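Protein chains in written order, with the working numbering: chain A, 292 to 936; chain B, 2 to 86.
These are calculated hints, taken from the structure and not from any lab test. Note that the structure is predicted; figures quoted are calculated from it, not measured. Warning: the hint list may mix true and false statements.
As the list claims (entries may be wrong) - Simulated pairs of lysine-lysine, DSS-like, Cα-Cα distance not exceeding 27 angstroms:
#1 Lys13/B / Lys426/A
#2 Lys13/B / Lys529/A
#3 Lys73/B / Lys764/A
To be verified - Negatives, chain B to chain A, calculated, CB over 12 angstroms:
#4 Met36
#5 Thr62
#6 Arg77
Said to hold, decoys possible - Some chain B residues near chain A, calculated using beta-carbon distances under 8 angstroms:
#7 Ala14
#8 Gly15
#9 Pro78
Where a beta carbon is used, it is the ideal one built from N, C-alpha and C, also for glycine.
The lines below spell out each chain.
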Amino acid sequence: MEDKKEFVVALAGNANVGKSVIFNQLTGGNQIIGNWPGKTVEKAEGFIEQEGVRIRVVDLPGIYSLSTYSEEEIVSREFIAKEKPDLVINVVDAVNLERNLFFTLQLIELEVPLVIALNQYDILERKGLSINGKKLSELLGVPVIKTVAVHNKGLTELFEIVRNALLKGEKKVSHLRYGKEVESRIKELSEIISKKVKTYYPPRFVAIKLLENDPLIKKEIKDEEILKKADKFRKELKEIHGEEAETVIISERYAIASRIAESVIERKSTLKESMGDWFDKIALDKVWGYVFFILVTIGIFYAVFKFGSFFSDLLSNWLESFKPIFMRMPLTPFWNKILWDGIMEGVIAGIGIVLPYIAPFYLILAFLEDSGYLARIAFLTDNVMHKLGLHGKAFMPLIEGFGCNVPAVLGTRIMERDRDRFIAAILATLVPCSARTVIILGLVATFLGPVYALIIYVLDFILILITGRILNKFMKGTPSGLIMEMPRYRKPVMKIILKQTWIRLKDFVYFAFPIIIVANVVMEIFSIFNWIKPVANFLKPVMTDFLGLPPLAGITFLFGILRKELTLVMLSTLYHTTNFAKVLTPRQIFIFGFVTMIYIPCVATIAALKREFGWKRATAVTVGEFVGAIVLGGILNQILKLFMP
Amino acid sequence: MIRNNVTLLDIKAGEKAEIVSLAGGYGFMRRLQEMGLIPGQIVEVVRNSAMGPVEISVMGTHLAIGRGIAAKVIVRPVRRQIYGR
């Protein structure tokens with residue numbers, strides 16, 4: 292009898308090579324993927340169960356090295372070393388074999404059982420190249436499988452090999468030799484290490500990392516004699532090679548990688564300038580790049596607005612037409628009110644006001660993520676970001692913020708330093724997320740016109756710029772610089788885009804929808820028992836006297852803390868209409884949109900801030916933005932009084 | 002050692018250069034080395050305008066490097082004759 296064992300398999304490799312795509316395909320998981328380096332900032336887990344074998348698959352953040360330069364690298368290294376997965380699938384970008392092998396060699400040094408997935412193989416072939424997989428496998432002593440994960444090619448074979456390797460359970464360790472001077476010192480050092488100290492890491496790996504001057508490994512070893520010896524060796528290597536020891540080791544590792552890559556890559560036809568290079572001439576141009584970027588942005592919002600308002604009308608009217616049926620139901624007036632005004636109005640608001648805007652928005656966002664264009668925006672905005680005390684990479688979480696601020700706050704982990712992360716996270720909470728876009732498009736653009744919506748966006752962007760400048764000035768430290776791999780453009784795969792869109796929409800349907808309906812019912816109960824007035828009166832001084840809004844607006848802001856969409860949904864519930872022009876003046880619509888845009892991050896975002904930066908800083912951001920929104924809204928109201936009724 | 006203060010910033014788009022050394026803090030320089038900017042490596046500058054980062058092609062990938070960091074990458078310009086080493 293075989294005992295049912297759980298195996299652990301980790302996916303590791305450089306950033307943006309397709310680990311998460313493989314993860315999703317293998318486990319049916321819902322990892323958000325996209326074509327830029329650094330989406331996966333945290334390890335994700337999924338399970339495969341087949342023929343009595345249960346495999347826990349762990350998707351690790353993409354890294355370039357097993358040094359401890361960034362948080363992701365530490366996460367990945369510690370996972371592999373300490374939790375000792377039964378096998379690591381090293382996902383390798385076939386097009387960038389040399390760079391990717393640099394990391395593979397380090398995995399081999401960690402002495403974990405490996406299987407290599409040579410991914411994006413179709414792109415390599417399109418370039419007129421091929422890789423001799425058998426030879427590569429012999430040179431590295433590791434099985435190699437060619438895959439095209441986005442089209443689900445080669446993954447069955449990959450799984451078969453992984454399964455067989457797990458069931459056999461053999462642990463073959465291969466070593467790759469460095470140059471004579473380095474190798475002899477690694478040997479001597481690892482012998483002492485294996486005698487004197489016990490670590491999670493293999494002694495040879497520790498020896499190499501000590502010679503590379505790795506701070507975390509040094510802390511872990513502590514043994515004076517070993518550290519002294521390593522120091523002595525580092526000095527000797529520096530004398531022999533005229534470079535720091537870590538440079539020598541990195542160079543030699545790259546030499547091995549390039550020797551292997553050269554011997555397995557076969558050229559079939561010559562290269563021509565790719566479409567991507569040609570497109571970059573426009574997309575990254577110092578003038579046209581920005582023009583293109585602005586056109587794309589405006590185009591996206593206009594398309595979402597047009598599509599959204601069309602379907603919003605259509606769906607709202609259709610759903611409203613059911614009212615007579617509900618009204619004729621044999622119920623007491625109380626239950627009738629709960630059923631229609633409470634539940635159904637909530638459903639109508641969700642389907643009629645929110646869904647038509649966020650569905651196309653998520654679709655376009657997924658398309659952008661998959662295409663590789665996002666990294667180009669990061670490139671273009673690097674200089675502006677420097678003025679905010681950040682660098683271009685910060686743009687990626689900020690752009691993600693347009694979908695939802697929560698992943699944006701988590702996504703700031705791609706920033707290398709804590710200071711940069713915190714600034715980026717604060718700015719991310721000011722980015723108009725899809726919920727706020729619903730309000731701006733569904734309320735401001737619909738009833739005042741798209742230009743006014745644009746003005747609110749521009750005001751928000753100015754606010755982000757100013758906030759960034761202020762934070763940059765008052766937070767210690769100079770901004771760090773950008774080092775980013777530019778992803779290749781990729782023809783987006785429809786199936787993956789639709790899945791991405793669905794993953795995000797599902798969150799709205801399963802999570803936000805119930806909240807909207809429950810909130811609506813609660814509000815209806817409040818209104819039936821006449822509890823709304825006292826609350827509204829309490830908020831009146833700020834709401835009406837200062838912001839110029841109707842007192843009821845204050846209540847919608849309270850609900851909006853749960854989900855920003857709720858401000859608009861509650862407004863429609865309170866006034867029993869979706870034609871807001873009837874109940875609000877143009878100035879009120881504008882101020883309402885503006886305050887909603889910035890007044891507080893929603894609870895989910897506050898929770899994300901708390902998780903990443905602790906209570907103190909999360910509270911500071913929340914209170915700061917609340918006060919800021921009221922003060923700025925009030926000032927705006929006074930100014931607008933001059934122009935608008 | 003020969004004093005040399007030509008940096009990546011001085012290389013025009015379309016030209017190649019050989020990496021000589023990296024003059025900066027441990028973390029960043031280490032990261033650059035791991036991305037392939039090791040002494041002796043030939044890189045091609047793809048884009049270099051005052052408006053944005055320097056884009057280089059190294060080992061078949063394109064890398065965007067902020068101007069502040071590019072200023073710390075010491076290089077030696079490579080003449081056309083040695084093209085493609």
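The hints, checked one at a time:
1. Lys13/B / Lys426/A: It is violated: about 39 angstroms lies between the C-alpha atoms, which goes past 27 angstroms.
2. Lys13/B / Lys529/A: 33 angstroms, violated
3. Lys73/B / Lys764/A: 24 angstroms, holds
4. Met36: 6 angstroms, violated
5. Thr62: Answer for Thr62/B: violated, closest chain A Cβ roughly 5 angstroms.
6. Arg77: 15 angstroms, holds
7. Ala14: Violated. Min distance 11 angstroms.
8. Gly15: 12 angstroms, violated
9. Pro78: Violated, about 21 angstroms.
Figure legend: structure checked against the earlier numbered hints; hints not met, in rising order: 1, 2, 4, 5, 7, 8, 9.
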